[in-house]
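Whole structure, please, built from the sequences with the hints as guidance.
As given, the protein sequences belong to chains Z and X, one line each in that order.
Under my numbering, the first sequence has 263 at position 262, and the numbering climbs by one with no breaks.
Under my numbering, the second sequence has 1702 at position 291, and the numbering climbs by one with no breaks.
Wrong hints could be hidden among the right ones.
[Claimed, not checked] Facing chain X, from chain Z, some residues (calculated, C-beta under 10 Å): (1) Val23; (2) Leu138; (3) Val146; (4) Ser185; (5) Asn291.
[To be verified] Some residues of chain Z that are not near chain X, with every Cβ distance over 12 Å (derived): (6) Gly165; (7) Val176; (8) Leu215; (9) Phe264; (10) Thr280.
[Stated by the list, open to error] Facing chain Z, from chain X, some residues (calculated, C-beta under 7 Å): (11) Ile1560; (12) Phe1568; (13) Phe1659.
Worth flagging that the hints you see were computed from the coordinates, not collected in a lab.
All C-beta atoms in this analysis are idealised placements derived from N, C-alpha and C, irrespective of residue type, glycine included.
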Amino acid sequence: MLTFISKRILEAIPTLLILITVSFFLMHSAPGSPFTSERALPPEVLANINAKYHLDEPVINQYFYYLGGLLQGDLGPSFRYKDFTINELIAQSFPVSAEIGIWSFLVALLIGVGCGIIAALRQNSWLDYSVMGFANLGIVLPNFVLAPLCILFFSIYNHWLPPGGWNGGAWPYLVMPVIAMSTSYIAQIARITRGSMIETMHSNFIRTARAKGLPKYRIIFQHALRPAMLPVISYLGPAFVGIVTGSVIVDVYFGTGGIGQHFINGALNRDYSMVMGVTILVGTLTILFNAIVDILYAVIDPKIRY
Amino acid sequence: MITTKDKVQAVEQFAEKVVEVEGRSLWQDARRRFFSNHAAVTSLIILAIIAAIALIGPFLSQWNYDDIDWEALSDISVLGRPNIENGHYFGTDTLGRDIFVRTMQGGQISLLVGIMGSFVAIIIGTLYGATSGYIGGRVDSVMMRFLEILNSFPFMFFVIILMTLFGRHIFLIFVAIGAISWLDMARIVRGQTLSLKNKEYIEAAYACGVSTPKIILRHIVPNVLGIVVVYATLLVPNMILLESFISFLGLGVQEPMTSWGALISEGAQNMEIAIWQLAWPLGFLVVTLFCFNFLGDGLRDALDPKDR
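Structure below.
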């Protein structure tokens, strides 16, 4: 197991390096620069700014400057938010997205797996159809529709919850972002759980357990659930990364100040270091959680050995 | 001798009977199972109707999708309401344009983006996965590592970069979306290929001297088609949603053309005064996505070889 983990870490380094290189050059090949605005700056000022950020040098030099900073853990200054470094911006916004994300993840996992199991055990009954119809609502209602509908219902009509803001993550400020964030994941998790649970319930070892006369809850929780969760877990790895790195929709509608809006705005404004910072964060988390999924697989499935 | 003649006759008669009992192919089997799934068949019919309305609808109205009704423009929240008499069956948007025609025209774009995007993703994913899985060895591990790297990019990063590189042309949008959505497809096809490549008929083809590209195209790809079809129907709604997300960011279709996503994000801004601007396109989108999901589930039940 230890050799497996260290092998995964060693493999991750070249992957990350390629990720950084490709996204750096792609980002810099996009037309436009962070300082083109509607009101053109005087050429002398522009030249000074470009010199300060090394933008007047060839891209390859900029790349090595960036790598140099990165080795010291410095993601560089933001091109858009003057006086802020990317490290500061990420340190400010990532905890917000992560908190929304972790709650949404737990909610999605509980409801999703629950719905999936209920639907699978009563396959093709009205219960199956209504539970899955409910879960599928999350797929068909995009969250940029759900978010304004939530605000309309919870804040404008009923005054139950504050319409936006963060306030250090007090729970009234968390409810709507978590609803908007978790619905689409509930649907995906429920579908995958249902599919694999149906398959597991038809397998031979479940028939044996039934023939032994085991009570139903023990068949489900002790025998069926573990193998049925394998496909769910391989979905959960990437999903967890997606969910904790935030969503621009949630940030825009609820004004939570998470990392999602920084990424989109950064890309639109050519804030090179912002986009690079978030890309590196997401890439690292993706690699990390894929490795965790592999380890979990080995823990759950005794057939897999590394 | 007589007995032998009898036996020959008996065998001939039996053979005639045997011919009548035809074997069922995988696809016939799948079709039978698919048509016994009512939810999926209903979804297919509804989808066909929606597609037909989206194509024919614009000809049934006196308005064009970019016509501005100056009269309705004076007071949208009253005169812009859905009204049969002045031809605005679904009402008008804030600029006095007819929502009915715009929903139909947006439907054409959304469905086109969904189907073409999935098509691009399916072609790349299937060929990539089948090649990687069939050749195996070092080629396989290089190709899979490449896929892993692509996978660790944030998805929106690609979308935005491709948008800024290629501009806002609608066809480039779906080619771009398709070109980055094939990763899962490739992985699924590779998995299937791995289990297919040791089958006797592949070995037979190899022994006959069939070239590698021909084995992949003629023998591997047709046999993974079932799972590809299932995945494609589940990919289309994702594409439509992604397009609407991009429209929400203001990067989608160029005005005055529109898509369901663009209409919904406009409608969501005015939902307190003019709910019809949100309700109609949202209704069409939700029904379409529901139908594609049920269709995909029905196809999976019909085609998934694991379910035998």
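Consistency of the hints with the structure:
1. At its closest, the beta carbon of Z:Val23 sits 8 Å from a beta carbon of chain X; the interface hint therefore holds under the 10 Å criterion.
2. Interface hint status for Z:Leu138: upheld, as the beta-carbon distance to the closest one in chain X is roughly 9 Å, under 10 Å.
3. At its closest, the beta carbon of Z:Val146 sits 6 Å from a beta carbon of chain X; the interface hint therefore holds under the 10 Å criterion.
4. The interface hint given for Z:Ser185 holds, since its Cβ lies 9 Å from the closest Cβ of chain X, which is under the 10 Å cut-off.
5. For Z:Asn291, the shortest C-beta to C-beta distance to chain X is roughly 8 Å, which falls under 10 Å, so the interface hint holds.
6. In this structure Z:Gly165 is separated from chain X by more than 12 Å, as the shortest Cβ-Cβ distance comes to about 15 Å.
7. Non-interface status of Z:Val176 relative to chain X is upheld: no Cβ of that chain comes within 12 Å, the nearest being about 20 Å off.
8. Every Cβ of chain X is farther than 12 Å from the Cβ of Z:Leu215; the closest lies at roughly 25 Å, confirming the non-interface assignment.
9. With a least beta-carbon separation of about 7 Å from chain X, Z:Phe264 fails to lie farther than 12 Å from that chain, contradicting its non-interface assignment.
10. Distance to chain X contradicts Z:Thr280 as a non-interface residue, since its nearest Cβ pair spans about 6 Å, not more than 12 Å.
11. For X:Ile1560, the shortest C-beta to C-beta distance to chain Z is roughly 5 Å, which falls under 7 Å, so the interface hint holds.
12. For X:Phe1568, the interface hint holds, the least distance from its beta-carbon to any beta-carbon of chain Z being 6 Å, beneath 7 Å.
13. Given hint, X:Phe1659 at the interface with chain Z, holds; its Cβ is 5 Å from that chain's nearest Cβ, closer than 7 Å.
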